[in-house]
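Chains as they are written, first to last, in numbering that gives the first Met the number 0: chain Y, 0 to 256; chain D, 0 to 256.
Rather than coming from a laboratory, the hints here were simulated on the basis of the structure. All clues given are correct.
If several chains are the same, the list does not tell them apart, and a pair holds so long as it fits within one copy or across any two.
Derived pair list, reagent style DMTMM-like, types lysine to aspartate or glutamate, alpha-carbon separation capped at 20 Å:
1) Lys53 <-> Glu43
2) Lys93 <-> Glu228
3) Lys53 <-> Glu110
4) Lys53 <-> Asp13
5) Lys53 <-> Glu19
6) Lys4 <-> Glu228
7) Lys46 <-> Asp56
This structure is a prediction, so every number in the text was calculated from the model and none was measured.
The lines below spell out each chain.
There are 2 protein chains.
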Amino acid sequence: MTPGKLVLVPNTLDLGTDCEVDLREVLPQAVIDRAARLGHWVCENAKTTRALLKRVDRLTPLALPLQQIQITELPRPPKGGAAVRGAAGTPDLKPLLAPALAGHDIGLLSEAGLPAVADPGAALVQAAHAMGLTVEPLAGPSSLLLALAASGLNGQSFAFVGYLPVEASTRAARIRELDTLSRRLGQSQIAIETPYRNDALLGALIEHLQPSTRLSIASGLTLPNCRCETRSVQQWRAQPGAALGGRLPAVFSWLAG
Amino acid sequence: MTPGKLVLVPNTLDLGTDCEVDLREVLPQAVIDRAARLGHWVCENAKTTRALLKRVDRLTPLALPLQQIQITELPRPPKGGAAVRGAAGTPDLKPLLAPALAGHDIGLLSEAGLPAVADPGAALVQAAHAMGLTVEPLAGPSSLLLALAASGLNGQSFAFVGYLPVEASTRAARIRELDTLSRRLGQSQIAIETPYRNDALLGALIEHLQPSTRLSIASGLTLPNCRCETRSVQQWRAQPGAALGGRLPAVFSWLAG
Chain Y
0 MTPGKLVLVP
10 NTLDLGTDCE
20 VDLREVLPQA
30 VIDRAARLGH
40 WVCENAKTTR
50 ALLKRVDRLT
60 PLALPLQQIQ
70 ITELPRPPKG
80 GAAVRGAAGT
90 PDLKPLLAPA
100 LAGHDIGLLS
110 EAGLPAVADP
120 GAALVQAAHA
130 MGLTVEPLAG
140 PSSLLLALAA
150 SGLNGQSFAF
160 VGYLPVEAST
170 RAARIRELDT
180 LSRRLGQSQI
190 AIETPYRNDA
200 LLGALIEHLQ
210 PSTRLSIASG
220 LTLPNCRCET
230 RSVQQWRAQP
240 GAALGGRLPA
250 VFSWLAG
Chain D
0 MTPGKLVLVP
10 NTLDLGTDCE
20 VDLREVLPQA
30 VIDRAARLGH
40 WVCENAKTTR
50 ALLKRVDRLT
60 PLALPLQQIQ
70 ITELPRPPKG
80 GAAVRGAAGT
90 PDLKPLLAPA
100 LAGHDIGLLS
110 EAGLPAVADP
120 GAALVQAAHA
130 MGLTVEPLAG
140 PSSLLLALAA
150 SGLNGQSFAF
160 VGYLPVEAST
170 RAARIRELDT
180 LSRRLGQSQI
190 AIETPYRNDA
200 LLGALIEHLQ
210 PSTRLSIASG
220 LTLPNCRCET
230 RSVQQWRAQP
240 GAALGGRLPA
250 VFSWLAG
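Model the full assembly from the supplied sequences, consistent with the hints where possible.
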């Protein structure tokens, strides 16, 4: 028997917002059709996975009734992302992939965008490779790269640095470190934040980056109220009302000038 | 009059391969529909842009005859990507955006995937921001992030480093430098190569990375012959026939163990 594949299924970017986009705005039709056929899923959150499958079902009827689709949540990773780096103490995820050994394709879904990027799914992909399973990524949106594309910053050298520290003085030091790194390498830096802290991060970036650094914000990507703006830090400082509000996911990127 | 937007239109990942994927495999229906309505384009290559518009037309009829659609090529950037970083001597791209001032949306298209990522389009996005135009990125595939997702490497901290040097000893030094950086930062490193040099780069990576570093190759992403494999360098060394061949675009990523 041919083993099943681990299929990386992209999600929308509207979770937690007031807006539910039409899936056809952000997912290829073939991805919607493929999702409708999968009977086994591993995800971050079973409830939001079921919600997505209901949206899929309205466009392409699910092959199985929703109640018969097996949905398993990933174990929550320890703080600091150690699970992703395969540190000791990582839970054994191979049992989650058992259906593939019985010939079933398994969908991996994250809460937003591509699974295994900026989320705990990478450990499952690692386990799939260790078991010799085929891993198949399906085309879909990544908020990080949509933000980078829309920034006009250097798209030929960039780094995603995840979340910055929350404590103000540690965060300021990290921002200055990343600004120096950006200048030295000519490398765009990309960071994310929990929406309710967006404005705190934006304020800290405007305060601590060099005036000539170009800073880009992208919020509500793929949503009707999408906003992508890039200005020098000097210009941001001169402009009142830079606030993003705390509702929409945002991506921050900058390139030292 | 409301100015037009600069619309970042994703492309397929099949350019230069033997395979022409159905657009519905990789692009959302709304993106296909939007592309069909745009009468002004800026691109890397007018011929491949017309070829894509013909594929769009078979699914959603173009709003204008192809002959009436204005397609302008970006100036070729100088070697080294200086144009992207806005160095002195960068050509003034604002004239390319003149149709937006007359109220027309302009599509920006690259040869593969998201425009302005790993291609010369970022300079046009920068010019759009400088003119105060709205920049709207549309959801679509990025080979870099599909490869990262499928690698199982750290998706919470990663860097795209572009092309590595071609000369063997310089390339070896760069590979060792990036391996050390990956170990120090826990950061996945992502690189690309011109397909005919894929196997030379793969061989150099297998030779010069540390044995415990995990190395991932992703070739033919979104194509029927897609291949995504991640192994330790030690395992790659023990396995004959790691060759990719010189036909398919590939993405290389690694994470020091």
